[in-house]
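Visitor: In case you want the letters, here they are:
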Amino acid sequence: MSDYTLETEAGRLEALRRMRTIREFDTMAGQYFADGEIPGFVHLYIGEEAVGVGTCAALESDDYISSTHRGHGHCIAKGLDPKLMMAELFGKSDGYCNGKGGSMHIADVDSGMLGANGIVGAGPPLATGAALSIDHQDRSDQVALAFLGDGATAQGQVHEAVNMASTWDLPAIFLIENNQYGEATPVEDQHNVDHLSDTAQAYDIPGVTVDGMDITAVYEAVKEARKRAANGDGPTMIEAETYRYHGHYEGDEQNYRTDEELQMWKDRDPIDSFSERLVDRGELTESEFEEMEAEVEETIAEALDFAQNADLPAPEEAYDDMFNESVPEIENFKNQARTDGGSTGGGSR
Amino acid sequence: MTAQAELGAQETETMTVREAIRQGLREELARDDDVYIMGEDVGAFGGVLEVTGDLYEEFGGERLRDTPIAEAGYVGAAVGAAATGTRPVAELMFSDFMGVSMEQIMNQMAKMRYMFGGKTEMPVTIRATEGGGMGAASQHSGTVHTWISHFPGLKAVAPGTAASAKGLTKAAIRSDDPVFVFENKMIYEQKGEVPTDEDYVTPIGEASVEREGEDVTVVATQRLVGESVDVAEDLAGDVSVEVIDPQSLYPLDTETIVESLQKTGRMVVADESPVSYGTHAEIIARAQEEAFFSLDAPIQRVGTPDTHMPFSTPLEQEVLPDGEGVQKAIQRIV
Chain Z
9 MSDYTLETEA GRLEALRRMR TIREFDTMAG QYFADGEIPG FVHLYIGEEA
59 VGVGTCAALE SDDYISSTHR GHGHCIAKGL DPKLMMAELF GKSDGYCNGK
109 GGSMHIADVD SGMLGANGIV GAGPPLATGA ALSIDHQDRS DQVALAFLGD
159 GATAQGQVHE AVNMASTWDL PAIFLIENNQ YGEATPVEDQ HNVDHLSDTA
209 QAYDIPGVTV DGMDITAVYE AVKEARKRAA NGDGPTMIEA ETYRYHGHYE
259 GDEQNYRTDE ELQMWKDRDP IDSFSERLVD RGELTESEFE EMEAEVEETI
309 AEALDFAQNA DLPAPEEAYD DMFNESVPEI ENFKNQARTD GGSTGGGSR
Chain S
738 MTAQAELGAQ ETETMTVREA IRQGLREELA RDDDVYIMGE DVGAFGGVLE
788 VTGDLYEEFG GERLRDTPIA EAGYVGAAVG AAATGTRPVA ELMFSDFMGV
838 SMEQIMNQMA KMRYMFGGKT EMPVTIRATE GGGMGAASQH SGTVHTWISH
888 FPGLKAVAPG TAASAKGLTK AAIRSDDPVF VFENKMIYEQ KGEVPTDEDY
938 VTPIGEASVE REGEDVTVVA TQRLVGESVD VAEDLAGDVS VEVIDPQSLY
988 PLDTETIVES LQKTGRMVVA DESPVSYGTH AEIIARAQEE AFFSLDAPIQ
1038 RVGTPDTHMP FSTPLEQEVL PDGEGVQKAI QRIV
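Chains as they are written, first to last, in the working numbering: chain Z, 9 to 357; chain S, 738 to 1071.
Chain Z with its partners taken away, still in its complex shape:
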């Protein structure tokens, strides 16, 4: 069973809550990054919430997803715990990856989340591989979906992944989040097709472009694609047209776009439009939505509190998790770190 679906009122409210949770999570991640509390860099999903949530609402809970460098939204949509996510962003031991991955590598394979990914275009082959495992073990009614950006569709390995999945009729879905810019370059300057889903023709699979600001449109497309995939009929390529309200990364000057363009997309905000729709349908009142928002803010405040108070990893943890069967080379370094408290200043033997 799916955790939530747009078919029921409870599911729709849960979808709205998840979209709102993503926005709150990323708003706070942006703030704490700006304050210098989160190291590295972060890529925020704000504005694209309908894509991740509409997609995951149409998947079953044991389906796999591969993600991108802009992965926080996919994680929350898939049901990952914001506390463990935030702890990972803060580089803490209690984070999903014990502090070894950070924002760009949050993963929870047991939940079907095959990892955010710092390499543009690397996720689709992984999803094709997950679909291959499903196919190999004849697992019924399970699929693998790759989230990829518009930029990734120019990568050669994405073509290879789609070609293999199509040729082998694997239970895969390729979901392109077209947020209009590949880093700082407009999508039309990187591709020669009107719609990125047009390339589906090359693989003889269905390709559709949907409004990525409308959760229902995304949901319906993924639901149809999932049915086809699980039925053994092969993959579908879906392009969801969306927009990121923030820069490619936090700190990006965004000199490649205008305030007017940003405002035009914000006027079609996916959370506003969905909440208004639920209000219109009598499934939500203004005050209930305010209550939901307060609960979401509380959830993320708790996640921040958890992350800030969690322990940093001990230096010797740098030597954990390289292999299932450990090797003496790394054990030596680990023992050194244990005995000298981790002040080796890098490896020396």
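Hints were generated in silico from the structure; no laboratory data involved.
Glycine included, every Cβ here is placed at the ideal spot set by N, Cα and C.
Don't take every hint at face value.
As the list claims (entries may be wrong) - Only some residues are given here: those of chain S computed to face chain Z with a beta carbon under 10 Å:
(1) 805
(2) 819
(3) 851
(4) 852
(5) 855
(6) 858
(7) 915
(8) 938
(9) 941
(10) 1032
(11) 1069
(12) 1071
Unchecked claim - To be clear about the criterion: a stretch of chain Z counts as covered by chain S if any three or more of its residues have a C-beta under 8 Å from a C-beta of chain S, and this derived list gives those stretches:
(13) 103–111
(14) 115–125
(15) 129–135
(16) 168–176
(17) 326–332
Stated by the list, open to error - Residues from chain S shown here face chain Z by an in silico Cβ test under 8 Å; the list is partial:
(18) 794
(19) 797
(20) 809
(21) 820
Given chain Z, work out where chain S should sit, using these hints.
Guide: Just chain S now, kept in the frame of chain Z:
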């Protein structure tokens, strides 16, 4: 115990390296339904290097899966499959093709387990042929195992005998870590005694003393193992040569090499990879760290002299390291 003594203790049959690898693959396919082989022409065609051979007839197209010519794609798919409950064995045909798939190897396969805090296993095996000697020219003759041995998160093995060809292949497939098996294409027809026990594996990270000696240690890999043993036999009575096959390049059995060096005081490292910044350097670095005061002479390197593998026979023979090179290196230091 030397390799021969070890083998003497169990039932064996004589077969080529190619047959030994195939037998290892067959046994693992039969042992575990989650194991399957994927790559270009590995199925009905039997493999360009004829290693998978008749396995397709026995196990069918789902277990011997022919892929498109898309090394990045199918290596990436193998990574995704390994993370989700199956145990793919991807054949890269020529190790030079690794360049095409390197992104999935270095950024996904090698890093996922670590980056995810141990939240996934990566039971994937990559088989690839290496080496010059058949006029295959630069893009089909490379010896690239140093890259993989160098890169954190990957394990690399390189058999030099038929027994280890089978044993390492099986160990790689049974491992929950990514293991690369580098097969030198010039020894596919080399025969040897191979244990018939279906649970015979060559543990990853253990070297093999192929011949005992007292005066000089030759650490040799792949094709150069057999050629070094031949040199040792030729020199017997004059120089007593110990030949060690590391079998695993990463992890590396430093202890066996160091113990030998402490006995002989002299060492030659023979490996077909380019001599600079490579496998030789790593073995020598470890040797001097652990056995500096046992050294009686500078350690010698025998490898490809920093060129690509040229096509024309006299050029290829010029750069290809061989037994003669090993013998000259020994004579320089004894």
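Visitor: Evaluate each hint against the coordinates.
Guide: Quick rundown of the hints versus the structure:
1. 805: Holds, because the Cβ-Cβ distance from residue 805(S) to chain Z comes to roughly 6 Å (cut-off 10 Å).
2. 819: holds (7 Å)
3. 851: Holds, because the Cβ-Cβ distance from residue 851(S) to chain Z comes to roughly 5 Å (cut-off 10 Å).
4. 852: Nearest chain Z Cβ about 4 Å off; hint holds.
5. 855: holds (4 Å)
6. 858: Holds, because the Cβ-Cβ distance from residue 858(S) to chain Z comes to roughly 6 Å (cut-off 10 Å).
7. 915: holds (9 Å)
8. 938: At 12 Å from the nearest chain Z Cβ, residue 938(S) fails the 10 Å test, so the hint is violated.
9. 941: holds (7 Å)
10. 1032: With a minimum Cβ separation of about 17 Å from chain Z (threshold 10 Å), the hint on residue 1032(S) is violated.
11. 1069: violated (28 Å)
12. 1071: Violated - the Cβ of residue 1071(S) stays beyond 10 Å from chain Z, reaching only about 29 Å at its closest.
13. 103–111: holds (count 7)
14. 115–125: Coverage by chain S holds here, the residue count being 7 at a Cβ distance below 8 Å.
15. 129–135: holds (count 5)
16. 168–176: Per the Cβ count (5), the hint holds.
17. 326–332: holds (count 5)
18. 794: Where the cut-off is 8 Å and the nearest Cβ of chain Z is about 19 Å from residue 794(S), the hint is violated.
19. 797: Where the cut-off is 8 Å and the nearest Cβ of chain Z is about 12 Å from residue 797(S), the hint is violated.
20. 809: Residue 809(S) check passes; min Cβ-Cβ to chain Z is 4 Å, inside 8 Å.
21. 820: Holds, about 6 Å.
In summary, the structure is inconsistent with hints 8, 10, 11, 12, 18 and 19 from the numbered list given earlier, while agreeing with the others.
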